[in-house]
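Enquirer: Generate coordinates for the entire structure from the input sequences, incorporating the hints supplied.
The residues making up each chain are set out below.
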Amino acid sequence: MTDILFIILCTIGSLVTLVAAVGILRMPDFYMRLSVTVKASTIGSGLLLLCAAMYFNVPDVTNRAMAIVLFLILTAPVAGHMIGRAAYMGKAKLWKDSKLDELEGMYDEDHHLRSGQSKKELQENDEKKADIQP
Amino acid sequence: MTNQLFTNIMLTLIWVMLSGNTSIPNFGFGFALGFVILYLTVRGVDNRRYFYRVPRLVRFVLRYIYEMLKANLQVTRTILMRKMDVAPAIIKYPLEAKTDFEITMLSNIISLTPGTLVMDISDDKKVMYIHTLYYKDKDSFIKYIRLNLEIKLLEVIR
Chain X
1 MTDILFIILC TIGSLVTLVA AVGILRMPDF YMRLSVTVKA STIGSGLLLL CAAMYFNVPD
61 VTNRAMAIVL FLILTAPVAG HMIGRAAYMG KAKLWKDSKL DELEGMYDED HHLRSGQSKK
121 ELQENDEKKA DIQP
Chain V
1 MTNQLFTNIM LTLIWVMLSG NTSIPNFGFG FALGFVILYL TVRGVDNRRY FYRVPRLVRF
61 VLRYIYEMLK ANLQVTRTIL MRKMDVAPAI IKYPLEAKTD FEITMLSNII SLTPGTLVMD
121 ISDDKKVMYI HTLYYKDKDS FIKYIRLNLE IKLLEVIR
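From first to last, the protein sequence lines are chains X and V.
Counting with the working numbering, you get residues 1 to 134 for the letters of the first sequence.
Counting with the working numbering, you get residues 1 to 158 for the letters of the second sequence.
Simulated from the structure, these hints should not be mistaken for lab results.
Since this is a predicted model, take the numbers as computed values, not measurements.
All C-beta atoms, glycine included, are put in the ideal place defined by N, C-alpha and C.
Worth double-checking, as some hints may not be accurate.
[What the hints assert, rightly or not] Below 16 Å or equal to it, Euclidean Cα-Cα: the simulated EDC-like pairs (lysine to aspartate or glutamate) are:
#	chain 1	residue 1	chain 2	residue 2
1	V	Lys152	V	Glu96
2	V	Lys92	V	Glu155
3	V	Lys98	V	Asp137
4	V	Lys136	X	Glu102
5	V	Lys83	X	Glu102
6	X	Lys99	V	Asp100
7	V	Lys92	X	Glu104
8	X	Lys99	V	Asp137
9	X	Lys91	X	Asp29
10	X	Lys96	X	Asp29
11	V	Lys92	V	Asp137
12	X	Lys96	V	Glu102
13	V	Lys125	V	Glu102
14	X	Lys93	X	Glu104
15	V	Lys92	V	Asp123
16	V	Lys126	X	Glu102
17	X	Lys91	X	Glu104
18	V	Lys92	V	Glu150
19	V	Lys136	X	Glu104
20	V	Lys92	X	Glu102
21	V	Lys126	V	Glu96
22	V	Lys125	V	Asp85
23	V	Lys92	X	Asp101
24	V	Lys136	V	Asp85
25	X	Lys99	V	Glu150
26	V	Lys125	V	Asp100
27	X	Lys91	X	Asp101
28	V	Lys126	V	Asp100
29	V	Lys126	V	Glu102
30	V	Lys152	V	Asp85
31	V	Lys126	V	Glu150
32	V	Lys138	X	Glu102
33	V	Lys136	X	Asp101
34	V	Lys98	V	Asp123
35	X	Lys99	X	Asp29
36	V	Lys138	X	Asp101
[What the hints assert, rightly or not] Stretches of chain X that chain V covers, calculated by requiring three or more beta carbons in the stretch to come under 8 Å of a beta carbon on chain V:
#	segment
37	35 to 44
38	78 to 88
Expert: As C-alpha cells, this is what we get:
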C-alpha cells in the first residue's frame with residue numbers, strides 16, 4: 001500500500017522536473033525560462049528527497065533529506081534573484097510581447113536602483129494599503 | 001516569546017530522550033505535548049503571544065503549500081499547451097515590510113511561487129520589482145500579493 005505512495009511521489013517529482021526542462025526549451029525569453037526553472041527544480045527535487053526519506057525510513061537518511069530540502073528552499077530563490085538581476089543589468093532583452101516593464105530606466109549608472117517614488121505616489125500607496133487591509 | 005519557544009524545545013527534547021525514540025513523528029508529538037503543557041501553565045498577557053503565533057505559523061505554511069501547488073499546476077499547463085497563454089511583465093510593488101529580515105523572507109516566498117520572480121529591490125527599500133508570467137492589471141496583481149502573501153507573512157513574523 002505504501003509502495004503506491006512512493007510511486008506517486010517519485011513520479012510527480014520527476015514529471016515536475018521534466019516539465020521544467022520542456023519549459024526551458026519553449027519559453028521565449030530569458031526571464032521566463034528562469035522563472036520556470038527555479039521553482040520547478042526546488043519542488044521536483046524536494047518531492048524526490050521526501051520520497052527517498054520515506055522509503056528508507058532511517059533517521060540519518062531522513063535528517064539529511066530534511067537538511068537538503070531546507071537549504072534548497074533557502075538558496076534557490078536567492079540564486080534566481082541574483083541571476084535575474086545580473087541578466088537585467090547585462091541588458092538581456094525581454095520578450096517582444098511583454099506587457100509592461102517598470103524596471104526600465106530605474107537603474108542609475110553606478111547600478112544603484114531608484115524606487116522612483118515621489119511624495120505624491122507614496123501617499124497614494126498608503127491610501128491603497130488602507131483600502132486593501134481587511 | 002523566545003523564552004516559550006526554548007522551553008517548548010527543551011520539553012520536546014526531554015520527551016524524546018525519555019521515550020527513547022528519535023523518529024520525526026515522535027518529535028512532532030513531543031512538541032505538541034510541550035505546547036499543551038506550556039499553554040496550561042504560562043500566565044501573563046505578554047507571554048500569551050506565543051500561543052497565537054504557533055498556530056498561525058502552521059496555518060501559513062499549509063496555505064503557502066496550497067498556493068504553491070496551485071501556481072505550479074498553472075505553469076505546467078502553460079508550458080504543455082500548444083499556444084502559450086503568457087503575458088510577462090515587470091511590476092513595481094510597494095513594500096509594506098520594513099526590516100531586512102522581513103523583506104528577505106517575503107522575496108524568498110515570492111520567488112518560490114511559480115510564475116513570479118523578484119528582480120530587484122530598490123536601494124531605499126521602498127519598492128520591489130517583480131517579474132510575473134500572468135499579467136492582467138497592476139492593481140489586481142499588487143492586491144493578490146499583498147493579501148495572500150505579505151500580510152499573512154507579517155502576521156507570523158512580526
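Enquirer: A separate judgement is required for each hint: does it hold in the structure or not?
Expert: The hints, checked one at a time:
no.	hint	in the structure
1	V:Lys152 <-> V:Glu96	12 Å, holds
2	V:Lys92 <-> V:Glu155	23 Å, violated
3	V:Lys98 <-> V:Asp137	25 Å, violated
4	V:Lys136 <-> X:Glu102	15 Å, holds
5	V:Lys83 <-> X:Glu102	26 Å, violated
6	X:Lys99 <-> V:Asp100	30 Å, violated
7	V:Lys92 <-> X:Glu104	11 Å, holds
8	X:Lys99 <-> V:Asp137	10 Å, holds
9	X:Lys91 <-> X:Asp29	12 Å, holds
10	X:Lys96 <-> X:Asp29	9 Å, holds
11	V:Lys92 <-> V:Asp137	12 Å, holds
12	X:Lys96 <-> V:Glu102	34 Å, violated
13	V:Lys125 <-> V:Glu102	11 Å, holds
14	X:Lys93 <-> X:Glu104	11 Å, holds
15	V:Lys92 <-> V:Asp123	14 Å, holds
16	V:Lys126 <-> X:Glu102	15 Å, holds
17	X:Lys91 <-> X:Glu104	10 Å, holds
18	V:Lys92 <-> V:Glu150	15 Å, holds
19	V:Lys136 <-> X:Glu104	19 Å, violated
20	V:Lys92 <-> X:Glu102	6 Å, holds
21	V:Lys126 <-> V:Glu96	8 Å, holds
22	V:Lys125 <-> V:Asp85	33 Å, violated
23	V:Lys92 <-> X:Asp101	9 Å, holds
24	V:Lys136 <-> V:Asp85	12 Å, holds
25	X:Lys99 <-> V:Glu150	24 Å, violated
26	V:Lys125 <-> V:Asp100	9 Å, holds
27	X:Lys91 <-> X:Asp101	13 Å, holds
28	V:Lys126 <-> V:Asp100	12 Å, holds
29	V:Lys126 <-> V:Glu102	13 Å, holds
30	V:Lys152 <-> V:Asp85	29 Å, violated
31	V:Lys126 <-> V:Glu150	14 Å, holds
32	V:Lys138 <-> X:Glu102	11 Å, holds
33	V:Lys136 <-> X:Asp101	14 Å, holds
34	V:Lys98 <-> V:Asp123	13 Å, holds
35	X:Lys99 <-> X:Asp29	13 Å, holds
36	V:Lys138 <-> X:Asp101	11 Å, holds
37	35 to 44	holds (count 7)
38	78 to 88	holds (count 6)
The structure shown violates the earlier hints numbered 2, 3, 5, 6, 12, 19, 22, 25 and 30.
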